[in-house]
Structures are given as structure tokens and as C-alpha cells.
Amino acid sequence: MRRDSAGEPPGGPTDPGRREFLKLVGATAGAAAAAAVLPSGAIASPERVEELAREHANDPGMLIDLSKCIGCGACVTACKFQNDLTWRQDQPWLGPDAQLASANWTVVRTFEPETEPSGSIRYAKRQCMHCLEPACASACPVRALRKEPNGPVTYDVTRCIGCRYCLVACPFSVPTFEWDRPISKVSKCNLCFQRVSHGEATACAASCPVRAITFGKRGELLEKARATLAADPERYMPRIYGEKEVGGTSVLYISDATFPEVGFREGLPTEPIPDYTWQVSRLALPVAATVGAVLTTIWVRRSRALERGAAAPSASPDGEKPGGTHA
Amino acid sequence: MSVTTTALARPAAPRPWTFHMTSFRVVLLGIAGLGIGSVLYRFLFGLSASTNLTDQWPWGLWIWWDVAAGAALAGGGYSTALMVNFLGGDKWRTVERGAFLTSMLGYVMVSGGLLLDLGRWFNFWRPIRFWGYHSVMFLLFWCVAGYTVVQLVEFGHIWVERVPTPRMTRLMHRIYVPVLIVGVVLPILHQSALGSLFIVAKGRLDPLWWSMLLPLFFLMSSFFVGPAMVAIENIVSARAHGRRAPVPVLGDMVRVTGKLMGVYLVLKIADLVWRGELGRMFEGTTASNFFLIEMLIGIVVPGAMFLLPRIRQTVGGLFAASFLVVAGVVFNRANVVFTGMARSVNAPSYFPYWMELAVTGGLIAGAVLTYLFITENFPILPERGAAPSPAPGSARAAG
Ligand code: SF4
Ligand code: SF4
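These protein sequences, in sequence, are chains A and B.
Heads up, the first sequence is in the numbering used here, so the first residue is 1 and it goes up one at a time.
Heads up, the second sequence is in the numbering used here, so the first residue is 1001 and it goes up one at a time.
Treat the hints as calculated values from the structure; they're not laboratory data.
Be aware that a few hints might be false.
[Said to hold, decoys possible] Cβ-Cβ distance ranges computed for the label pairs, FRET-style:
hint, chain 1, residue 1, chain 2, residue 2, range
1, B, Val1273, A, Ser197, 48 to 54 Å
2, B, Ala1304, A, Ser67, 55 to 61 Å
3, A, Glu112, B, Gly1276, 34 to 40 Å
4, A, Ala230, B, Ser1048, 44 to 50 Å
5, A, Glu307, B, Glu1376, 35 to 41 Å
6, A, Glu148, B, Ala1320, 54 to 60 Å
7, B, Ala1320, A, Ser118, 34 to 40 Å
8, B, Arg1174, A, Gly309, 19 to 25 Å
9, B, Val1263, A, Leu229, 48 to 54 Å
10, B, Gly1316, A, Glu307, 25 to 31 Å
[Claimed, not checked] To list a few chain B residues with every Cβ distance to chain A over 10 Å, as calculated:
hint, residue
11, Thr1018
12, Gly1046
13, Leu1082
14, Pro1164
15, Ser1196
16, Leu1265
17, Gly1361
[As the list claims (entries may be wrong)] To list a few chain A residues with every Cβ distance to chain B over 10 Å, as calculated:
hint, residue
18, Arg88
19, Glu220
20, Met237
Just so it is clear, CB atoms sit at the ideal spot from N, CA and C, and this is done for glycine as well.
Looking at chain B on its own, in the form it has when it is part of the complex (with noise of 0.2 Å):
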């Protein structure tokens, strides 16, 4: 029998929702309040009053934190649910719900950096109904879009089970596989659109970065880095909790996006070499020393850890291991939206003003705080739950 048949059968007593005040938790609430605050002051007096962007720099932290980074670390849900679900990983099911929470709170994150980014943010919603298809800002809308309500969705399975409506629970099983579907081929058109994104930057952009293999690339990292970001929050919230992170789970994982990651690096040079750009790297400029701090420290060895089983299957080791992952993504991000558009801007660098930090780290507080909230009182991760996610094709046999 599984757990969902049984919350069917039997709705469990309600359970009083709990949220413990600790003293980490006042914090993220101060953190976040100031980030609300910011974010009135940016939609009272505008972009210039709250941001450091210019004609010059146009897209600056929010672009490059809240959308860019935001979403690749958000792509462990989609990528844990296609190894999960798709490609006979039940074995990593445990850690699944987790991701998708992460996911799904990464996403919200996304679309209000993005909205909070739109200089008529009163319009957002005009790609709906004018379809400028030849954009990749077009498609990447839709599929932001898109992808929150299929999380959303996603979540409303966990929710049901918390508070038992059957109704919804005989939806939730019907379309639980078309939205498990879609909630993987959503992530896969987003991210690499992600990547496409800076095609357009063709003459601009720094060649160590501009390819046509753009969204190839941002599409594997955002593929490898979410069973990173997956351990990082099994290994941290374990820690939190007293609980023993569930490492050979975690190892087993990033052993296979090591590999993704070997395909990566081998795919970037080659990119390189077929580009005639390979001597780029060698250059000593700001631009050639950011780009191969990226490949080193963020690729070679985190990749070459994940692939050494005495350091993937040790907590300290797995967790140094992602978190360079984590960390390289995010520069190679920072690398594409700012080192690599430098060369062709005419104006001095862009450094963010305290009150787009406080936005972001507003954002970040209200997920993490959100996280632990769901966390708390949902059956979420693995060791708290008494059983792990229910299998879907039980759930509809049962329903």
C-alpha cells in the first residue's frame, strides 16, 4: 500500500502548523524585511533611485543573482525528478521531495526578481497575448511561467497529503504524470534558453564565452549543479536537524553528474578549439583568469572529487565537493552577464547598490525561511517522513 492510498482512506488528524522562532530565523525575518522595504522604495521612485544600472549596464545583480544563478541552482528539481522518474534512479527517491521544494521556492525567487526587474512591471503579462516567438525573452517568459505553476502543482501533491481534500487528491493523481512531464521538459527549454539568451551578445561578448553552444551549456550546468544543490541542503538541513545526512544516496548521485561534468569540460574545449579561441584562455586579461579560475575550481575539482568515491561518500568531502559546483556555476553566470560584456562597455564597471542587495538577500531570507516552514511541517526529507515519496504508477493502480 502506499502512502497516498492510505491518506485517502484514512485523512490523518489535522496536525496544528508549527513554525519555531529561533534566533537564526529573527534574523532572515529582519533580512527580509528590509528587502520588502527596499522593494516598495524601487517601485515608488524607480530603478535609477534603488540600482546602480545604466544604459550601459543594463541588467545587473537581479538579472544575474535572482534569474540567472537563481534558476540554475533551482535545477535540482528537474533534474532529480528526470533521474528519479524517468531514468530508473528510484534508488534516489528519498531525496526527491527536497529537491522539488528547492526548485519550486528557487522559481518563485526567479519570477519576482524578474518582475521586480521589468521597468513596466504593470505589463508583464503582455507576452501572453503578443507572441514576439523570434525572442528568447519570449520563450524564457513562458517557460519561468509555466514551470512555477507546474512546481506549484508539484507541491500540491505533498500538500494534499497534509491537508486531505480528496477531491484535489483524485486531481492531483490524475495529472500527476502529464505535469511530471512537462515539469521536466519546461526546465530543459528554460535553462538552455537561459544560455541562448546572450546568443544575441554575438560581437560582444567575450569569445571565451559566446558560442552557439550557449544553451547546450547553461542547460548541463544547470544539470549538474542540482544534485550539488541537493547534497548542500540534505548535508546542511541533516546538520540542523541532528540527523545523519543520507550520503550514500547523495554519493551515488553526484557520481553521475561527475561524468556530466568530464562531458562538459570536454565540450567547452573542444568549442573553443573549433572556434579558434583556445588561446583566449592563456592570455593573462581579467576575462582569460576568470575563465579558467571557472573551469579549474569549478569544474576539474569538484568533477574529479565527485568521481573519487573515498571523497564523494564522506560528508565533508561531498559538501566541499558541491559547493565548488554551486560556487562555479554562479561565477560562470557572473562570468556571461558581467566579465565577458565588459570588453564592449564603454563605461565603468557595474557594482551593485546596497539596496539591490538588500532585495536579493530579501529574496533569498523569505525562501529560506519559507523552506523551513514546508519543512517543518510537511513530510519532506528523507529520515522524516515514514516512507518516501509514493510511486506515482502505485498511486494511480490504487486511485
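Chain A on its own, in the form it takes in the complex (with noise of 0.2 Å):
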């Protein structure tokens, strides 16, 4: 290693606290990229889907079909009731404009498909997908978004900091937040906890008046979904959107346009999103032993080298400091 000189404090040029401090920056960086990539690499397996598939193929789900929706919003209202929402003229929940939002926690958009003929119009149901495996969960830092054992996707406003790390983390950008109240909360579908708990389908299922949504056990509306995509696959797509992405969620879509061009994300991954964020934060605790034990042992070790120079009389500890750098 070449020393650069000139007006440089007195540290020699071979300091060894350098070379030990380039040595464990190598072996940290090392160690780490190790530890993050290659897990990385084999958390991309097809099996982790279909095992969460299976495992939660008894999950209440939906399998909403977008060809039948004929935009009426019965749903939105039901929904309003069911959850006491309010409407609010500023967030439009039917239409063009439509948004999930603090008092919305579902939405009926409507969209002009490029590819169908001019002037057809398609609509969107959008609400929470209740992710098998969801990342506004796993992001929640007090666990007030949990998924319940039988599947919904809940929240507890009493715990919620409001931190927004949910509204970060959705892949569906589904959370929304009551920005205008001084003390806010969080808002979004729960899949009608109460009532599919007690064996009831949800409100929006129950009132749509022409059976777009389908309310059942997601292994089954999997089922019926294939076969109804076999049946006609001059209509469809030839594709479910929710089976796999980000693992999985229990609510489906089946559609005769294109997802992107009614409003559906493209390109997110089939691991489940916690998956990615678990592999490095189950890191935590070993990363802060390691480098707590390794400080501990640099140390331990410079103050026995003090100790030793402390008994010569003349070298005292602070004699071994570069006292002059600062005059």
C-alpha cells in the first residue's frame, strides 16, 4: 500500500489499525452480500406458491369477474353500510376518477380498454387482495395489520402508530390514511372479518346483482376459475390475477381485458414480499452479536496492550496518544 506523506500525523505506515479496519470492511461486506444474495437466488421456487396455495386453500375468498361487472356499485354501497363508511364528494368511488381512500374501502373504476372497440368501457373492483402472505403485515412494526388465522387481512386501530410503512409496503397500494384528522388511522378492506367468520360472505359479495363476485374457499374458486377461463378462452385472458402474485391472495381476478389497462400492477414478483424483507431482517441479531462480540475483542485487547505500557514508568496511556496533532 502506497503512503501518501506530506503533513500527514504521525500513525506510521504500517499502522496495522488500517489495514485490520480495510480487512474487516472487506470481510463485512463479504459476509454480508453473501448472506443477502444467495438466499436470494433461492427463495424463487415455484413450490413456495403452490404450498400456499395448499395450505390456504380453505382461506374465504373472492373471485371477482371483471367481464360480468356491469358498474352499478352496489357493491361500494354495501360495503359503506357493512363498514359505516361515509361518502365523501372528494373521494369518488365510482368512475374514472375512483380511488381507494380513507372512506372507500372498495371502488368500482372505470376504464376505456385500447384494444377493445372504441367506446368500451370496462370496470374495476378494486379492495384489499388479502395476500396469503401479506407485506403490510410483516412491515407493521406493532402488529396492528395481522392476518387472522381464518384468512382475512385486519387491522387494530389501538396499536397503529401511524407509521404509513403499510402504505409503503402494499404492492397493491391498497392501505390509505385519514390525512385530514389531527390523530389518523389507517383504512381498508378486512374481508368482512366479522361476517366471514360466522360463515356469511361479504357485503359486496352478497349484493352484486349479477354475480360478478363469487365468495367461497379460494382452493375452490381457483377451480372454478380455470374452468371458466377453459370454457371460453376466446373470451378471457388467459391468466388469474392473484394466483401467484406475491405468492398468492385470496381475492382473483379473471378479465377480458388486458390487467394493466384496467388499472392492475404488472411485474411483481412471485415470492411472497415478506420473504424478501425477513432474509435480512432475521439478520438483526446475529449481525449486532457479531459485531458486538468482534468490538468487544479489539477492546479487550488495546486496553492490554495499554495496561502493558502503563507499566513502564515513563510511558503513560496518554503519552501513546498523538497529543501534538492539535496543537
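If you follow the hints, you should be able to join the two separate chains into one complex; please do so.
Put into C-alpha cells, the structure is as follows:
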């Protein structure tokens, strides 16, 4: 290693600290890189999705057929009544500008797909997808959001600290925040947790006049979706949205327009998002322990050396410090 | 004999606290006042009245500046502590105290910013009770809280010299080493957790920035931005006090960080190659251009300047390079929080409301004022005190 000399304080070209430092940096970087990269290749296994599908086959879910929806908004009304939500002019729940918001747990948004004959319209009913491995719940520092044992992803306002990490974390941008209150809460569909826990269908599914929303067990809904696609391949896109997205979701969609055209996000991984983050957050304690141990060792070694130095009458520990540099 | 032992044996005569009013300080006080007003407004009327945050842009200026960038800039504390106390960099001890102080104020600012940003701030203590240990935010909370406490203790070490209380002094010495160690471990976790925070945005954050190595990148950049911050702080305060900046010490420190920046650059590129995203750099989109600017102006240029003795051994060169590093890291955090997310956000881009700016400005002004007060009243800066900070080893031997 070349040593640049001019004007540098004493330390010596063979300063062991610096070498130790670079070694430490190298070793830490290498270890962390290996720890982070190697398993990230390993999680991309198709079995994981199948396993999740089996595990959650009996969870309550919904199959939404976008080709059937007529955009009447009955589901939105049912939802608002069921969950005591208000109608707010600044939060449209139907039409081209409809958006999930603090008072909208579900909306029906209008699209004009370009691949369809002009003037043709599609309606996309959106709400929480109730992921099998929800990113929002894994991101919540206080477990205010959690996946109930029977499937729905619910929210407990009393715990929430309002950090909005769930808004950042959700791959479908579902949770919303009550921005206009001094004390705000998160808002999102809970798959009518009370109703489904008693074996009833969700309010939206029960209210749909054209049966665009089927309520049922996820496993059976998947079967039904596959059968529907197979029965009319001319009409439907060959794809079930939610089957594999981020490991699978309890709400599934089939459509006759392409999914991006009706506002669905593409390019999501098939691995559950928590699989990625857990690889990193599980390293926290081991890393802390290792760094702590290394530092303690260094400290003990250094203070032993200092004590040995101090034994000689003239060399006080301070004498070893380059006191001259700050003169 | 070390300074501390002297302080123990013979309490210094009480020195009156001073705070010299200058027009600069009056301006800072004004900014801080405006900030306090905006904070009150935010608590009374909520976030939509005081910010431009929306469901599409749930995190804004406060998370970017007060939390992500602020924490990185406060990295000087732990990187200096690590280099000085554990990696044989005793020759840099003269700047250790200033670094600690900046870092402590930085973290107080981070905690303040985080608290303000919470929609249910009165619940802020809940992570103590409910352990969402899967969550990076949980980790972050614990690290910020723990490290703020650690830094107050580290500063307590300086405090007891000025305000002698023998009991406290002994306690401080006894816990000094564990605190020093925890004071390196926690920031390492915290800085990397800030990066891990965005791993959750897989599929949405631009692949130029999304990587499983985000925690490592955040950690490394917070480490190399540390000495740059220390250099800037020393140069500015030396100028303000009409002294000479300790350029040799600083120049020596940044040489080490220059090398680390080289490692960072190589790792960044290797990671892009590994994920097959290298080509994205040259796509000519806003994101790719921002990425290139970040890497060239924030890493390559200042890294090279740090490695050239002719540049880093001059006040001007050292200052310019350090400034670029700091700007580069702040820009990097902005790119992760905003630029990289923009592609998957279905809404107009976010720009902070004036009150958000006022709050951030107020926090910074408050931190600078506190810094000025403390450096005026405590032996912090290298040329001021009669001796560098005490060598803890000797303090322990003596106490
Ligand atoms: S869609 Fe979003 S809010 Fe709903 S469970 Fe999945 S991650 Fe959570
Ligand atoms: S805003 Fe509330 S529910 Fe969402 S992650 Fe934070 S604490 Fe959890």
C-alpha cells in the first residue's frame, strides 16, 4: 500500500489499525453480500407458491369476473353500510377517478381499454387483495395489521402508530390514510371479518346483482376460475390475477381485457414480499451479536496492550496518543 | 494524568454559561420559531393541513430529510467512534467529540422528525410492547430510540467534566466502554435498516436502486459520509472561530473513506451486473440520469479527490470533496424515496408544502443553535480544550 506522506500525522506506514479496518470492511461486506444475495436466489421456488395455495385452500376469498361487472356500484354501497363509511365528494367511489381512500374500502373504477372497440368500457372493482403472505402485516412494527388465522387481513387501530409503512409496503397500494384528521388511522378492507368468521359471504359479494363477485374458498375459486377460462378461451385473458402475485392472494380476478389496461399492476414478483424482507431483518440479531463480540475483543486486546505500556513508568497511556496533532 | 482524573480530583470553578447573540443566531432563532409554529399547526390540524402527503406519496420530506438523510449525516458519530476507539485511529481522536456532538443532535432531529410524522404519535411507544419483529420499521424504532439514549450518555461524559458531579462521573466511566460498543452496534443496525426499509418495495422501486444489498449500501454510505461531515463541520467552525482547521487529521481520515467509496462503487456496479440491470443506467430516463449523476458527482469525483493527497490536504479541496460526498448521499436517499418510486406511483409528483419545509428548517436551525451553544460552553472542538478527549482506557485505570 502506498503511503502519502506530506503533512499527515504520525501513524506509521504499517499502522495495523488501518489494515485491520480495511480487512474488517472487506469481511463484513463479503459476508453480508453472501448472506443477502445467496438466499435471494434460493427463494424463487415455484413450490413455495403451490405450498401456500395448499395451505390456504380453505381460506375465504373472492373471485371477481371483470367481464361481468356492469359498474352499478351496489358493492360499494353495501361496503359503506357494512363498515360505517361515509360518502365523500372528494373521494369518488365510482367512475374514472375512483380511488381507494379513507372512506372507500372498495371502489369501482371505469376504464376504456385501447384494445377493445372504441367506446367500450370496463369496470374494475378494487379492494384489499388479502394476500396469503401480506407485505403490510410483515411491515407493521406493532402488528396492528395482521393475517387472521382464518384468512382475512385485519387492522387494529388501537395499536397503530401511524407510520404508514403499510402504505409503502403494500404491492397493490391498498391501505390508505386518514390525512385530514389530527389523529389519523389507516383504512382498508377487512374482508368483512365478522361476517366471514360466521360463515357469511362478504357484503360486496352478497350484493352483486350480476354475480360478478363469487365468494367462497380460495381453492375452489381457483378451480372455478380455471374452468371458466377453459370454457371460454376466446373471451378471457389466459390468466388469473392473484394466483401467483406476491405468493398468491385470497381475492382473484379474471378479465376479458388485459390486466394493465384496467389498472392492475404488472411485474410483481411471485415470491411473497415478506420472504425478501425477512432475509434481511432476521440478520439483525446475529449481526449485532457479531459486531458486538468483535468490538469487545478488539477493546480487550487494546486495553491489555495499553496496560502493558503503562507498566513502564514513563509511558502513560496518554503518552501514546498523538497529542501533538492538535497543537 | 488524564483530563478526567483531574476533573475528578479538583472540580473546576463553575464557569458561567454563555451564548453570544449574533445576527446569524437571531435568524436561526426566527427559523426555529417558524418551525415550532408549523409543528403546532400540524398537531392541531393534521397532516393534510400541514403537508402535501397523499395515499400515493405516504412518505415525504420529513422521512427523506429528517429521517433517512439526517441519520446518514449523523453517521459521523459512529464511524469516528469506530475508527478512533476500535480500529487504531487514535490520531483522529481530536475530532471525535465534534463528531459525537453533531451525531447526537442529528439523532435528536431524526427522532423529532419521526415523531412528527407519525399519524398516531401518542402511540409511539407501542413497539416496546408489541413486537412486530418481522418489520424493518420495528428494528428502526428500537435502534433510533436506543442510539439516541446512548448518545446522550456519551455526551454525558463531556457534561460531567463541565458540571462536576463525582457520582455521575464515576458512573459514566464505569459504563463508558459498554456504551461505546453499543454506540457502534446500534447505528450499524440502524443505518442498514434504513436501506432494508425499501426492500419491501420489490417490483415497485426502480431496479437501479432496489437490491437485496440495499442495507449494505446504506450502511457503507452512512459510514463514508461520516468523515466528510466531520471535515465540513471542522472547517466551517474553524473559520467561524478564526482558527486553522485540523486539515492533516481530517485529510488522513477521508483517505480511508475514499477507499471505502471505491469498494462501494465496485459493489454497486457488480450488483447491477448480477441482477442484469446494468443497461438501465443508460436508458436516458429521468431515473437513469439521476442515477448517473448520483454515482459520478457523489461517488466517483469526490472519491478520487479524497485519494489524491494534493487535493485532500488543502482546505478548499477537502471541503469541496466532502461537500460532494454529503450532497451525493442526500441525493441517493432522495432517489430511493422519490425518484425510484415515481415509476409505480399513479399520481403527480410530490413537492413539500411550505410548512413541511418550515418544520425541517426549524429542526435544522434548532440543531445548529444547540451545536453553537454546546461548543461555546463545552470543550468540544480540537483547538479549544487543553487536551483531547480522555482516553477511556486510562480513565478506567485511574477510576
Ligand atoms: S393487498 Fe396490500 S393491504 Fe391487502 S393484504 Fe395484501 S399487502 Fe396487505
Ligand atoms: S401505519 Fe399503523 S398499521 Fe400501518 S404499518 Fe404503521 S403502525 Fe402498522
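Hints, verified against the model:
Taking 48 to 54 Å as the suggested C-beta distance range, the pair valine 1273/B and serine 197/A conforms, at roughly 50 Å. One distance hint, 55 to 61 Å for the beta-carbon pair alanine 1304/B and serine 67/A, holds here, with the actual separation near 60 Å. Taken as a hint, the range 34 to 40 Å holds for the pair glutamate 112/A and glycine 1276/B, whose Cβ atoms sit roughly 35 Å apart. The hinted range of 44 to 50 Å is satisfied by alanine 230/A and serine 1048/B, whose Cβ atoms lie roughly 48 Å apart.
In this structure, glutamate 307/A and glutamate 1376/B meet the distance hint of 35 to 41 Å, their C-beta atoms being roughly 37 Å apart. In this structure the hint that glutamate 148/A and alanine 1320/B lie 54 to 60 Å apart at CB holds, the actual value being about 57 Å. Restraint check, alanine 1320/B to serine 118/A: a C-beta distance of roughly 59 Å breaks the suggested window 34 to 40 Å. In this structure, arginine 1174/B and glycine 309/A meet the distance hint of 19 to 25 Å, their C-beta atoms being roughly 23 Å apart.
In this structure the hint that valine 1263/B and leucine 229/A lie 48 to 54 Å apart at CB holds, the actual value being about 51 Å. Taken as a hint, the range 25 to 31 Å is violated for the pair glycine 1316/B and glutamate 307/A, whose Cβ atoms sit roughly 43 Å apart. With a least beta-carbon separation of about 23 Å from chain A, threonine 1018/B lies farther than 10 Å from that chain, consistent with its non-interface assignment. Listed as a non-interface residue, glycine 1046/B fails to keep its Cβ farther than 10 Å from every Cβ of chain A; the least gap is roughly 4 Å.
Interface exclusion of leucine 1082/B from chain A breaks down, the closest Cβ pair being 8 Å apart, not more than 10 Å. With a least CB separation of 20 Å from chain A, proline 1164/B remains clear of the 10 Å interface cut-off, as annotated. Taking the minimum C-beta to C-beta distance to chain A, about 4 Å, the non-interface status of serine 1196/B is violated against the 10 Å cut. Interface exclusion of leucine 1265/B from chain A stands, the closest Cβ pair being 12 Å apart, more than 10 Å.
Glycine 1361/B, annotated as away from the interface, keeps every beta carbon of chain A farther than 10 Å; the closest lies near 22 Å. Look at arginine 88/A: its CB is around 13 Å from the nearest CB on chain B, clear of 10 Å, so calling it non-interface holds up. Annotated as non-interface, glutamate 220/A keeps its C-beta farther than 10 Å from every C-beta of chain B; the closest such distance is 28 Å. Once the 10 Å rule is applied to beta carbons, methionine 237/A is consistent with being away from chain B; the minimum gap is 20 Å.
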